[in-house]
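A.B. asks: Input sequences plus hints: build the corresponding full structure.
There are 2 protein chains.
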Amino acid sequence: MNQPSRPPQKATIADVAKAAGVSKTTISRYLSGDYKSISEATLQRIKQSVKELRYRPSRLARGLRQDRSYSIGMIFADISNPFSTSVLKGAEDVCTKQGYSMIVCNTDNDPEKEKNYISMLHAQRVDGLIIHPTCQNLENLRELSEDQIPIVLIDRRIPGLKVDTVGTDNDKAMTEATGYFLDQGFERIGFFSQPIQHVSSRIERARTFVQILAAAGHPSVDDIYEYEPRIQGQFDEQLDRFIAETQGQYRMIFAVNVVTQLKLINALQKRGLRIPEDVGFAGVDDSEWAPVVGSGLTTIAQPTYEIGYKAMERILERIAGDNGPQQHFALSANLITRGSTPSRNAKIL
Amino acid sequence: MNQPSRPPQKATIADVAKAAGVSKTTISRYLSGDYKSISEATLQRIKQSVKELRYRPSRLARGLRQDRSYSIGMIFADISNPFSTSVLKGAEDVCTKQGYSMIVCNTDNDPEKEKNYISMLHAQRVDGLIIHPTCQNLENLRELSEDQIPIVLIDRRIPGLKVDTVGTDNDKAMTEATGYFLDQGFERIGFFSQPIQHVSSRIERARTFVQILAAAGHPSVDDIYEYEPRIQGQFDEQLDRFIAETQGQYRMIFAVNVVTQLKLINALQKRGLRIPEDVGFAGVDDSEWAPVVGSGLTTIAQPTYEIGYKAMERILERIAGDNGPQQHFALSANLITRGSTPSRNAKIL
DNA sequence: TTGTAAGCGTTATCAC
DNA sequence: GTGATAACGCTTACAA
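Protein chains in written order, with the working numbering: chain A, 1 to 349; chain B, 1 to 349.
Possibly wrong hints are sitting among the right ones.
In this list, chains with the same sequence are indistinguishable; a pair is considered to hold if it fits within one copy or across any two.
With a straight-line Cα cutoff of 27 Å, these simulated BS3-like cross-link-like pairs (lysine-lysine) come out [stated by the list, open to error]:
1. Lys263 <-> Lys97
2. Lys113 <-> Lys10
3. Lys97 <-> Lys113
4. Lys270 <-> Lys162
5. Lys115 <-> Lys89
Don't read these hints as lab results, they were simulated from the structure.
C.D. replies: Structure (structure tokens):
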């Protein structure tokens with residue numbers, strides 16, 4: 001058999017029409033799946049020609065004509081964070097099934113980069129936008145949403161911005177977790193976090209943590225440690241303070257997210273403090289390595305995949321014309337208890 | 001001040017032209033940065049109008065006209081793998097600077113999904129493609145490259161496919177690492193990997209490992225353990241075999257990648273085997289948690305960010321018209337020694 | 001069941 | 001310096 005000679009140029013709808021002996025309209029009907037208005041014979045010829053010419057309709061042209069790009073922009077504050085990857089995966093599974101593609105951006109928590117990406121995705125005419133926001137571009141986001149581009153925020157909400165949001169049910173998760181820590185008999189619990197203000201998920205976690213402790217009359221209501229990663233030494237200073245203050249007490253440290261977890265574990269190790277012998281440990285975000293650090297880390301497993309899945313579903317609903325009021329979807333997390341938060345009684349026995 | 005009234009529809013180049021009192025051509029010149037053929041006065045009016053109308057040129061229209069989309073497709077075999085994320089970041093940093101955007105896909109190592117994505121990105125008229133391939137779609141990739149779409153493969157090469165590739169210099173990395181293991185005095189080294197055949201990076205790692213051992217007359221030339229994750233129990237069986245066979249010897253386990261690392265560490269822990277007291281450990285891919293597992297894991301840190309960076313640079317060179325012969329770029333890895341591979345002498349002393 | 005023709009928002013060519 | 005006009009590859013009334 002001889003090789004079918006390769007078409008010199010990318011085939012267009014006109015080429016296929018010509019090859020099949022029909023008009024472009026008919027090909028277009030075929031492409032849109034409108035088979036019932038095409039005769040069987042024609043259909044066969046079209047299929048044949050499409051295959052022979054290796055025809056792939058241009059999404060660009062279609063997008064231009066229909067004023068939609070069949071793509072969704074995704075902007076992450078930190079793509080290295082496994083949280084982001086998992087969300088991405090969930091989003092993709094929905095996206096692909098519906099014939100959309102994802103344009104992925106990473107802002108490194110830089111509002112300036114975020115602004116540029118928003119602008120670029122706007123130019124790209126994305127049909128929707130899923131954002132893990134830096135929370136410092138209210139105006140740009142507001143403009144977009146006024147331009148009728150559906151937006152879903154994940155993890156973090158922005159007050160005053162009328163868009164759908166999807167995240168973890170932090171109140172519920174922290175209520176459960178904090179209760180568990182109390183049950184385990186911890187006398188002091190240090191809550192470590194990057195700057196809390198403006199980041200709704202951190203606010204929720206810290207607030208519920210304090211509420212539960214306050215209700216129990218627990219002394220750690222003031223053990224909130226905020227560090228700004230860019231301020232040299234601040235983190236170490238705070239950790240040292242907590243360690244010194246709680247000397248001799250049955251204590252643990254809680255990390256607001258996975259980045260803080262790693263910072264803490266490294267710092268504890270450097271100080272020669274063992275988990276859980278010298279200090280208990282827990283934090284938000286489960287990971288593949290949480291089970292293998294020491295005797296395992298107790299974590300709050302956020303429903304990351306589900307967050308991505310739901311966010312994309314919501315975007316597509318909006319694109320499909322849903323004009324209902326904006327909603328917040330709070331998905332349930334899972335408390336996974338491991339060796340890093342042993343019961344005080346067990347220790348005593 | 002009263003709000004500037006929001007344009008009822010997205011502004012087009014025609015709207016801007018009208019507002020500025022010039023032709024579309026002039027606006028287009030402005031957009032392409034051809035300032036020197038525009039008078040200063042006109043330029044000012046254009047800038048003004050663009051701002052007022054919040055005009056964003058449609059990349060779709062531009063793409064259609066120029067037959068390029070200014071986007072690069074990225075297909076990952078496993079986006080959850082930190083390797084992918086880091087590559088993504090490197091690629092993005094280049095991409096963004098040049099005004100391109102990335103369409104990100106994840107195949108979960110499924111050749112069928114890969115095929116669909118290739119087809120979709122083709123339809124999207126991506127200007128180039130960076131692929132971490134499943135290595136089972138030779139034909140589709142060949143078609144693409146024949147269609148003159150630049151492709152760069154990362155990590156894995158596919159024999160017979162004439163495209164650029166970027167990856168780790170596995171020979172050099174494994175030469176160094178294996179030599180180090182020998183220096184540390186390990187009597188047996190188990191090399192654990194998913195199926196090696198067809199995956200060039202695994203082939204290179206295993207081959208060099210064996211070569212170095214053979215040259216040293218070391219008994220572990222046969223300690224290559226291949227497991228197929230989908231075969232229930234195979235992995236555990238192989239691990240048990242190695243453990244039993246090497247009882248009493250100074251031994252270690254080497255993981256071909258980060259997935260295998262986690263599998264092994266979990267399995268060792270479950271068996272109550274300590275690292276490094278009962279068995280030494282090392283593996284390809286450094287991670288944020290490698291320093292905190294036990295007394296730290298010895299790893300080979302692949303230049304992941306650089307791989308992404310280089311791959312994207314290469315794609316853009318190709319797009320810019322480079323027609324040179326296809327090349328392979330082997331970037332240097334870094335051996336990071338930690339507590340999991342102690343010297344035998346140190347132990348004896 | 002099929003076709004004609006207009007138009008989506010740009011850029012490229014050519015002319016002034 | 002500036003502009004008219006014709007594409008680019010598709011979809012969509014509207015006809016037939």
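A.B. asks: Hint by hint, note whether the structure agrees.
C.D. replies: Structure-based check of each hint:
Taking the shortest Cα distances, Lys263 and Lys97 never come within 27 Å of each other, neither inside one copy (38 Å) nor across copies (31 Å). Taking the shortest alpha-carbon separations for Lys113 and Lys10, only the inter-copy value of 23 Å comes in at or below 27 Å, while the best intra-copy value is 36 Å. Proximity of Lys97 and Lys113 under a CA criterion of 27 Å is satisfied inter-copy only: 11 Å between copies versus 30 Å inside one chain copy. With identical chains, the CA atoms of Lys270 and Lys162 are never at most 27 Å apart, being 45 Å at best within one copy and 49 Å at best between copies.
With identical chains, the CA atoms of Lys115 and Lys89 are at most 27 Å apart both within one copy (24 Å) and between copies (18 Å).
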